[in-house]
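Colleague: Given next are the chains, with one letter for each unit.
Number of protein chains: 2
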Amino acid sequence: MNNVKAIKWENDSLVLLDCTKLPIKEEYIICKNYTDLIDAINCLAVRGAPAIGIAAAYGVVLAAQEAQGKAGSKADHLGYINEAIQELAATRPTAVNLFWALDRIKEVLGKVSGASEEVIRDRLLKEAETMYAEDIACNMKIGENGNEVVPQGASILTHCNAGALATAAYGTALGVVRAAHDAGKDIHVFADETRPLLQGARLTAWEMTQEGIPCTLITDSMAGYVMKLGRVDLVITGADRITLNGDTANKIGTYSLAVLAKEHGIPFYIAAPLSTIDITLKSGEEIEIEERDKREVKCLFGVQTAPEAVNAFNPAFDVTPNEYITGIITEKGILRPPYEVSIGNLFR
Amino acid sequence: MNNVKAIKWENDSLVLLDCTKLPIKEEYIICKNYTDLIDAINCLAVRGAPAIGIAAAYGVVLAAQEAQGKAGSKADHLGYINEAIQELAATRPTAVNLFWALDRIKEVLGKVSGASEEVIRDRLLKEAETMYAEDIACNMKIGENGNEVVPQGASILTHCNAGALATAAYGTALGVVRAAHDAGKDIHVFADETRPLLQGARLTAWEMTQEGIPCTLITDSMAGYVMKLGRVDLVITGADRITLNGDTANKIGTYSLAVLAKEHGIPFYIAAPLSTIDITLKSGEEIEIEERDKREVKCLFGVQTAPEAVNAFNPAFDVTPNEYITGIITEKGILRPPYEVSIGNLFR
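As they're listed, the protein sequences go chains B and S.
Under the working numbering, the first residue of the first sequence is numbered 3, with each subsequent residue one higher.
Under the working numbering, the first residue of the second sequence is numbered 3, with each subsequent residue one higher.
There could be a bad hint or two in this list.
One copy or two, it doesn't matter: identical chains are merged, so the pair holds either way.
[What the hints assert, rightly or not] In silico lysine-lysine, BS3-like type, Cα no more than 27 angstroms apart, as pairs:
#: 1; residue 1: K230; residue 2: K296
#: 2; residue 1: K128; residue 2: K7
#: 3; residue 1: K230; residue 2: K284
#: 4; residue 1: K143; residue 2: K334
#: 5; residue 1: K296; residue 2: K23
#: 6; residue 1: K264; residue 2: K230
Rather than coming from a laboratory, the hints here were simulated on the basis of the structure.
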């Protein structure tokens, strides 16, 4: 079941479901230029590591279209596209899928750089569409693999949104939820609201209502209590970046959940495609943590919640050390500790 | 240092700083009748267990004033006051200080019930004022005692608001913060915003800016990460109810913090007056947890944050088991485990 599509290619444009407007309004942003997409990434209209990667691939197609028939020379034409790739790569320092997607597009560009502008554009579009289809197939495989560890009647706690709204469609953590639901397991989801930007309240809760999957919204602070009540059977979140040893960067608050899950003996899973794994990083200590505008903590939907004079801290992510992670659910199966070995084997 | 006064008795009225309007507006509610106070408690204009207790004592004075010269008989007069006591007691099931304060007022009422209506009113007012002054003295003593465990240059994480806005003045957890700050210890406070009602963002952050105490606001989900960064030296929260074995009911999210503090080897303290301890309850399992309106989780300041159709769970409190609590800072010193013994000794 998959009623939610956040990324579409229509009429030579990239059409994005504006995640900042959900769940109140279902509005779409039409990106005709790659800079429209950069704006959409910066304002989080499109978010989630896999979705950003795929959108960025389409963004390079937009740049190729823009450059078509306008550049003075072949070098100018390729220069414009490469400039777009660089600018797109600079939007989010933590999302490894973004670099992965752009590297893949760059490779294609390298191969066809001698061709006509039309051929280049068509070839880049074909690659973006392949990546889009592969992402959905990959997520469905993640769902299938993850479903193996979801008991009948399970209550699954998730954080942020690793759903259809964070990927091409179907989702990673919510892909597992969808697969378990479709398997008739009578599951229930606890959605952390995920302050400061409320991706859980706005996006996960919305996705679950769209799919008719029973879902209970809680504030982030309630997760420990709900676990203590015995109402959580497993925790599944997505990932922004996984290092060679299994340390995982994900939305701020994921680490707290992992500690709480450990204390309550609850399995804690990460669901993510292999493209999220960055084997150039040995451990989470090497992951750069993006800090966002302090006003996100002091405001909510533009409503001020704290005194103007107070300081705030707004790390976008945290790193969950591998010892808290029961398994990493990927399209190639569930990786188990020690992750240096299981991840190492996969990438050898 | 204590620039914040949330409860005042002026012109035969109870004047309350409206906590629901902070930090945007500093507005006062003038309660002329005890039902005005019930409304103020219900809408959380006055909140925090000790503050509610003291306000309720003044509320009985308001009832005595209302009944003055109006009741048909002595029995009617006392009946009106006793009805007010019952209604005030019903406002918050978890706040033991409320019952404690009303029991104390009832005892005074019992002693002077044969006196004139004026004498009754004056005697009740005197008792309420004594309780008010005692609460401040008690908090300053809590501050002094707690200051002993605050290292020079400490960074203290707190949850919700156990400050001047939760007591007559000075505060319990924030009383310790004030005492350490006044002792020149160069301390810093991390304030959890404390969803759903944001008492940390709205009240603690405001109190700290009023006092000039350095304070950094974080979302509740960031506490674990901030601890992992080594930026928290100790956690201090207030309490709504403490049982004989030291189990502590406090604002939802406190339990998660306690688990996180334990995982990071960070001392976790409760700061509360002895009136918060309910020795009739053996353990936290006997504490009734109030569930509040689900809309508090699905909205913020009236702004909808989640789809209308999604379910929500809104426990107002959680219970932190005694094994997570390093010490309970009271006006009689810091209680240490085993709490059955240290609390038992105090109440023997």
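Colleague: If a hint holds in the structure, say so; if it doesn't, say that too.
Modeller: Hints, verified against the model:
1. K230 / K296: Between. Shortest inter-copy distance 20 angstroms satisfies the 27 angstroms Cα cut-off; intra-copy 32 angstroms does not.
2. K128 / K7: Only inside one copy: K128 and K7 sit 19 angstroms apart there, 67 angstroms across copies, limit 27 angstroms.
3. K230 / K284: between (34 angstroms within a copy, 19 angstroms between copies)
4. K143 / K334: within (8 angstroms within a copy, 61 angstroms between copies)
5. K296 / K23: Both, since 21 angstroms and 22 angstroms are each at most 27 angstroms.
6. K264 / K230: Close inside one copy (12 angstroms) and across copies (16 angstroms); limit 27 angstroms.
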